[in-house]
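Student: Each chain is listed here by its residues.
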Amino acid sequence: MATELPKPATEEVKVDLFEDDDEFEEFEINEEWDNEEEGKDMTQQWEDDWDDDDVTDDFSLQLRRELEKNDEMK
Amino acid sequence: MAYPSMGEAHRRITDYLNKFSDAVSYQDVASLAQLFSFSSNSPSLLSVADALNFFQDSNRLIKQSEKFSQYGEILAPLFRSLQSYRVGNLVDSYHAFEKFANAFIQEFRNWESAWALEALYVIAYEIRVLAERADRELASNGKSPEKLKGAGSFLMKVFGVLAGKGPKRVGALYVTCQLFKIYFKLGTVHLCRSVIRSIETARIFDFEDFPRRDKVTYMYYTGRLEVLNENFPAADHKLSYALTHCNPLRESNIRMILKYLIPVKLSLGIFPETSLLEKYNLLEYNNVVQALKRGDLRLLRHALHEHEDQFLRSGVYLVLEKLELQVYQRLVKKIYFIQKQKDPSKAHQLKLEVIVKALKWLEMDMDLDEVECIMTILIYKNLVKGYFAHKSKVVVLSKQDPFPKLNGKPVNS
Numbered sequence: 000m001a002t003e004l005p006k007p008a009t010e011e012v013k014v015d016l017f018e019d020d021d022e023f024e025e026f027e028i029n030e031e032w033d034n035e036e037e038g039k040d041m042t043q044q045w046e047d048d049w050d051d052d053d054v055t056d057d058f059s060l061q062l063r064r065e066l067e068k069n070d071e072m073k
Numbered sequence: 000m001a002y003p004s005m006g007e008a009h010r011r012i013t014d015y016l017n018k019f020s021d022a023v024s025y026q027d028v029a030s031l032a033q034l035f036s037f038s039s040n041s042p043s044l045l046s047v048a049d050a051l052n053f054f055q056d057s058n059r060l061i062k063q064s065e066k067f068s069q070y071g072e073i074l075a076p077l078f079r080s081l082q083s084y085r086v087g088n089l090v091d092s093y094h095a096f097e098k099f100a101n102a103f104i105q106e107f108r109n110w111e112s113a114w115a116l117e118a119l120y121v122i123a124y125e126i127r128v129l130a131e132r133a134d135r136e137l138a139s140n141g142k143s144p145e146k147l148k149g150a151g152s153f154l155m156k157v158f159g160v161l162a163g164k165g166p167k168r169v170g171a172l173y174v175t176c177q178l179f180k181i182y183f184k185l186g187t188v189h190l191c192r193s194v195i196r197s198i199e200t201a202r203i204f205d206f207e208d209f210p211r212r213d214k215v216t217y218m219y220y221t222g223r224l225e226v227l228n229e230n231f232p233a234a235d236h237k238l239s240y241a242l243t244h245c246n247p248l249r250e251s252n253i254r255m256i257l258k259y260l261i262p263v264k265l266s267l268g269i270f271p272e273t274s275l276l277e278k279y280n281l282l283e284y285n286n287v288v289q290a291l292k293r294g295d296l297r298l299l300r301h302a303l304h305e306h307e308d309q310f311l312r313s314g315v316y317l318v319l320e321k322l323e324l325q326v327y328q329r330l331v332k333k334i335y336f337i338q339k340q341k342d343p344s345k346a347h348q349l350k351l352e353v354i355v356k357a358l359k360w361l362e363m364d365m366d367l368d369e370v371e372c373i374m375t376i377l378i379y380k381n382l383v384k385g386y387f388a389h390k391s392k393v394v395v396l397s398k399q400d401p402f403p404k405l406n407g408k409p410v411n412s
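Heads up: the sequence lines are chains A and B, in that order.
Using numbering that gives the first Met the number 0, the first residue of the first sequence is number 0, and each one after it goes up by one.
Using numbering that gives the first Met the number 0, the first residue of the second sequence is number 0, and each one after it goes up by one.
Take these hints with a grain of salt, some might be off.
Stated by the list, open to error - Restraint ranges, calculated between C-beta atoms of paired labels, are given here:
id, chain 1, residue 1, chain 2, residue 2, range
1, B, L227, A, W45, 55 to 61 Å
2, A, Q43, B, N101, 48 to 54 Å
3, A, D20, B, E145, 45 to 51 Å
4, A, K68, B, C372, 24 to 30 Å
5, A, D47, B, G165, 42 to 48 Å
6, A, E46, B, E106, 54 to 60 Å
7, B, Q399, A, D20, 23 to 29 Å
8, B, L45, A, E46, 49 to 55 Å
It should be emphasised that the hints constitute simulated quantities derived from the structure, not laboratory data.
Even for Gly, the Cβ is constructed at its ideal location relative to N, Cα and C.
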């Protein structure tokens, strides 16, 4: 392209071209699969908000200690 | 590069021409498509390219017989493209390929049945990939890369050809997905809107008729758009569709779907199991999930900071940042339970200064006013039920269900 002049750097010359890290891979033209089983599995990998009255975990115990700390000093 | 003899070159080229002509005559789409699958780099295709570069006068061969010359407008640019491709002149190759593709579309329109759709898919794919490589070549020479954009315009034209009442219309979704890939790569995702509108509202299209693989790809990209628009119920629906219908062996595709679905689910109060994160190498979300479960604002901030680049690149950073409100809810809830254990009768009255203390412990220095502001927001968004007694600086919680669960709905906006 002998007649084409390079655009000045302030315009759109992208040396580091836009990428999409998450471009979906192409399926083959006649790719077939069966995912009845896996489809069901997938829906079971999530937990709804569970019953969380439990405050016996480490974080909760530390939190309790913090809150009680200054109370004692009063 | 093995140079053939003149006779050998002549033979290879004529062979190719015969293959093309026969494929069209017998509607043999598989054979036809192979003839322009440049990216396959198949030895036979490359050897034809070598022959063309050596022979140099392939136009004469095209004209030697009516059998070939009837497709002259298609074959001549195809040959030029293949030649340029072989010697690595990708910009030239792209130009010629676009000419070839345009000529092919003209012919394609005349074929009544949809026999050649798969060949069209190959052209759509090849033109995109070739355009990407051409743009890299341009950029590396300090020139403005615009071939991918051009490929997008071409594919819009192809979409128009397919968007009619006949059997060819099932090909429209594949072309749409190629367009999505182009627009996402260029960062011009707003251009997706018009094809989406056509697919979803035109009466000629019945979504169920499209091939499954195209539906999965389509739902993945439109799901990602819904995430960008922070339309979480719609994003959940589309990405979940893609997830449950995707080929389970395609683990990197599954991973990509999950990468976007997980922040959506979290926004709806639904957590992925750690085993899921481990299986698909998405452990960057692990601390986010833990922070939500614990009410640990410090951990959330840490998690966002630690993977900031990743989250920014994929565009989910803001979605994750907004989870902060849910983390606040959990923290306040924990404080409530702790108080309840000590003195059930007073538990529903939360002093602001207690919350300030907890936040300080989590390395978040806030004064009473700021915490009041946050509590007001939580109440406004129905994450906390109660009211704020301003004078006494106490949050009075509702006796019933003071911390409503999201139940799969997004936080009130």
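Student: Now tell me, hint by hint, if it's right for this structure.
Tutor: So, going through the hints one by one against the coordinates:
Distance hint for L227 of chain B and W45 of chain A: a CB-CB separation of about 22 Å, inconsistent with the stated range 55 to 61 Å. Between Q43 of chain A and N101 of chain B, the C-beta spacing of about 49 Å keeps the proposed range 48 to 54 Å intact. The beta-carbon spacing between D20 of chain A and E145 of chain B, approximately 22 Å, falls outside the hinted interval of 45 to 51 Å. At about 25 Å, the beta-carbon gap between K68 of chain A and C372 of chain B stays in the expected band of 24 to 30 Å.
Under the hint 42 to 48 Å, the C-beta atoms of D47 of chain A and G165 of chain B, about 46 Å apart, fit the expected range. In this structure, E46 of chain A and E106 of chain B meet the distance hint of 54 to 60 Å, their C-beta atoms being roughly 55 Å apart. Take Q399 of chain B and D20 of chain A: their Cβ atoms lie about 46 Å apart, and the range 23 to 29 Å is violated. Restraint check, L45 of chain B to E46 of chain A: a C-beta distance of roughly 53 Å satisfies the suggested window 49 to 55 Å.
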